[in-house]
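K.L.:
Single-letter residue listing:
There are 2 protein chains.
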Amino acid sequence: MDRCRSRLQGQLNSVYPASGSLPANLLAALEYALNNSGKQVRPILYFAAGRAISEAEQASIKAALALELIHTYSLIHDDLPAMDDDELRRGKPTLHKAFDDATAILVGDGLQARAFEIIADAPELSAEQKVKMIKVLAEASGFAGMVGGQYVDIQSTGKDLSLAALRAMHAMKTGALIRASVALGGIAAGASEAQLVALDTYAEHIGLAFQVVDDILDVESDTQTLGKTQGKDEQENKATYVKLMGLEGAKSEAQRLLEKALAALNDFGESAEMLRELGRYIVDRKH
Amino acid sequence: MDRCRSRLQGQLNSVYPASGSLPANLLAALEYALNNSGKQVRPILYFAAGRAISEAEQASIKAALALELIHTYSLIHDDLPAMDDDELRRGKPTLHKAFDDATAILVGDGLQARAFEIIADAPELSAEQKVKMIKVLAEASGFAGMVGGQYVDIQSTGKDLSLAALRAMHAMKTGALIRASVALGGIAAGASEAQLVALDTYAEHIGLAFQVVDDILDVESDTQTLGKTQGKDEQENKATYVKLMGLEGAKSEAQRLLEKALAALNDFGESAEMLRELGRYIVDRKH
Chain A
1 MDRCRSRLQG
11 QLNSVYPASG
21 SLPANLLAAL
31 EYALNNSGKQ
41 VRPILYFAAG
51 RAISEAEQAS
61 IKAALALELI
71 HTYSLIHDDL
81 PAMDDDELRR
91 GKPTLHKAFD
101 DATAILVGDG
111 LQARAFEIIA
121 DAPELSAEQK
131 VKMIKVLAEA
141 SGFAGMVGGQ
151 YVDIQSTGKD
161 LSLAALRAMH
171 AMKTGALIRA
181 SVALGGIAAG
191 ASEAQLVALD
201 TYAEHIGLAF
211 QVVDDILDVE
221 SDTQTLGKTQ
231 GKDEQENKAT
241 YVKLMGLEGA
251 KSEAQRLLEK
261 ALAALNDFGE
271 SAEMLRELGR
281 YIVDRKH
Chain B
1 MDRCRSRLQG
11 QLNSVYPASG
21 SLPANLLAAL
31 EYALNNSGKQ
41 VRPILYFAAG
51 RAISEAEQAS
61 IKAALALELI
71 HTYSLIHDDL
81 PAMDDDELRR
91 GKPTLHKAFD
101 DATAILVGDG
111 LQARAFEIIA
121 DAPELSAEQK
131 VKMIKVLAEA
141 SGFAGMVGGQ
151 YVDIQSTGKD
161 LSLAALRAMH
171 AMKTGALIRA
181 SVALGGIAAG
191 ASEAQLVALD
201 TYAEHIGLAF
211 QVVDDILDVE
221 SDTQTLGKTQ
231 GKDEQENKAT
241 YVKLMGLEGA
251 KSEAQRLLEK
261 ALAALNDFGE
271 SAEMLRELGR
281 YIVDRKH
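As you go down the protein sequences, you meet chains A and B in turn.
If you use the UniProt record's numbering, the first sequence corresponds to residues 1 to 287, in order.
If you use the UniProt record's numbering, the second sequence corresponds to residues 1 to 287, in order.
The following block holds chain A by itself, in its conformation from the complex (with noise of 0.2 Å):
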């Protein structure tokens, strides 16, 4: 994991727009937003799935980097006033409060362009390739992923949801970048039909074992070890497994979901160790 996460550092220059001189301070915002890495989850899942289809662990770095920043810009601009309210990120202040709210929303519009970019110009992968992953993850970003689930998310603060409702939310908000994360690796690894399969079950169920965790860590944990702010699910009311199932409810959901996961794995051999041993860390993990 910390070698995806170094290799993925080295990328990051490769960011900023070779055409071109940004303003200044357009480059500051953007540069504060790129070195407030967080868990990278996303690419060291894509980084997994390709592991556990073919040893090629080279070939496609650049596609790791496109779901980082697509996750960065979800989180810019899901952190916004009018979305989520949010100061603080990764224990720094979120970018609008950093800078403004114009730059943050115009920093998350071009890291969601700049993610389709790199995947079209990565030179160690096919046009078939590029192609079939600029289709899953567009989709997995938009109206019927991504941005559908923060939509459902913003508009039931203060609701009831029931237990359906709420997983229906998190397999669109977080789930779905989580299963196209994986189907990157697949796809950039040259994964058949049927093992897309498997490694898609498997990320159905860690995407939604991400987030029964997320809601355990709001209640158990604290603002710095989180590095946001810990406790705001119940103060705004929110719709959460806890709230739902119960903390050792949530905490057995958590259990159950690994276990749906690493079953869907049965058929890979030691190549898939890492993805295994990342299930376990997103289950097990304190922020």
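Treat the hints as calculated values from the structure; they're not laboratory data.
None of the values given here were measured: they were computed from a predicted structure.
Mixed in with the good hints, there may be bad ones.
What the hints assert, rightly or not - Label pairs and their calculated CB-CB ranges:
no. : chain 1 : residue 1 : chain 2 : residue 2 : range
1   : B       : K232      : A       : P23       : 20 to 28 Å
2   : B       : A28       : A       : T157      : 41 to 49 Å
3   : B       : E55       : A       : S126      : 27 to 35 Å
4   : A       : Y281      : B       : G231      : 55 to 63 Å
5   : B       : L247      : A       : I154      : 42 to 50 Å
6   : B       : A98       : A       : N266      : 48 to 56 Å
7   : A       : Q235      : B       : S126      : 49 to 57 Å
8   : A       : T229      : B       : D85       : 22 to 30 Å
9   : A       : R7        : B       : R3        : 47 to 55 Å
Unchecked claim - Derived DSSO-like pairs (lysine-lysine); straight-line CA-CA distance at most 27 Å:
no. : chain 1 : residue 1 : chain 2 : residue 2
10  : A       : K135      : B       : K135
11  : A       : K159      : A       : K232
12  : B       : K97       : A       : K97
13  : B       : K97       : A       : K159
14  : A       : K260      : A       : K243
15  : B       : K135      : A       : K132
16  : B       : K251      : B       : K39
17  : A       : K135      : B       : K132
18  : B       : K97       : B       : K260
19  : A       : K92       : A       : K260
20  : B       : K251      : B       : K238
21  : A       : K286      : A       : K135
22  : B       : K97       : B       : K135
23  : A       : K232      : A       : K243
24  : B       : K159      : B       : K39
25  : A       : K132      : B       : K132
26  : B       : K132      : B       : K159
27  : B       : K92       : B       : K232
28  : B       : K39       : B       : K243
29  : A       : K97       : B       : K132
30  : A       : K251      : A       : K97
Every residue, glycine too, gets a C-beta built ideally from N, C-alpha and C.
Chain A is fixed; fit chain B onto it per the hints.
P.N.:
Leaving out everything else, chain B in the frame of chain A:
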């Protein structure tokens, strides 16, 4: 031009995501955004550029749709209170006025993703064409293009800009997407590199002329004809071509740019007539 518009209109239903069901309000906002169509200059430029290269007009409606979606998303975000704070767009309340800021941010974000997805999914284009188009469109939409230009525009409001700085800002803010529209049309029609260069010279000058005329109309037209608030540039003390060159100076500048654009098409015959006509339309339009 009417035929282009009606072909595009017939494609709007394909913008809604095929999988999953959108929340009713998000769907309503998306419909509101899509049904408030403007002059559709970008798709028409795309078709006209394709026509200049080849007769195969039916080849590639999807890329035209993608261009219009990127343009639509940019208007929605630019109109936000944190940006230009506009209440009127194409004669109707702006999206954030009719709905709210969060919805407007998310509809814009979703439209951007959908634009790239639609190109990646276009049945009539080769993988190589799609990748080339996505690269050109993403670059034009991003930091080195539209997003960067909008940033400079916001930062410049109320400041004195030189003519060179004003041109550089518009080349990014609106020029880049206009050039991309023409480039995509060329790519769809299989243009040679030399043909793409000639088309780009045309597009560069048409793009600049487009903005000069916008500035003239902001002074000479009225709110009803424009469909947006007239006189806003002067009211906000914005740098414009009219302010820097005078009304007559701006009018000769528009003519000079049109002539340069037309000269770039000298090696094309009859097939480029639609491009020429569009150039004249852009300079002579009343709104």
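K.L.:
Output the numbers, in ascending order, of every earlier hint that fails for this structure.
P.N.:
2, 18, 19, 21, 22, 24, 26, 29 and 30
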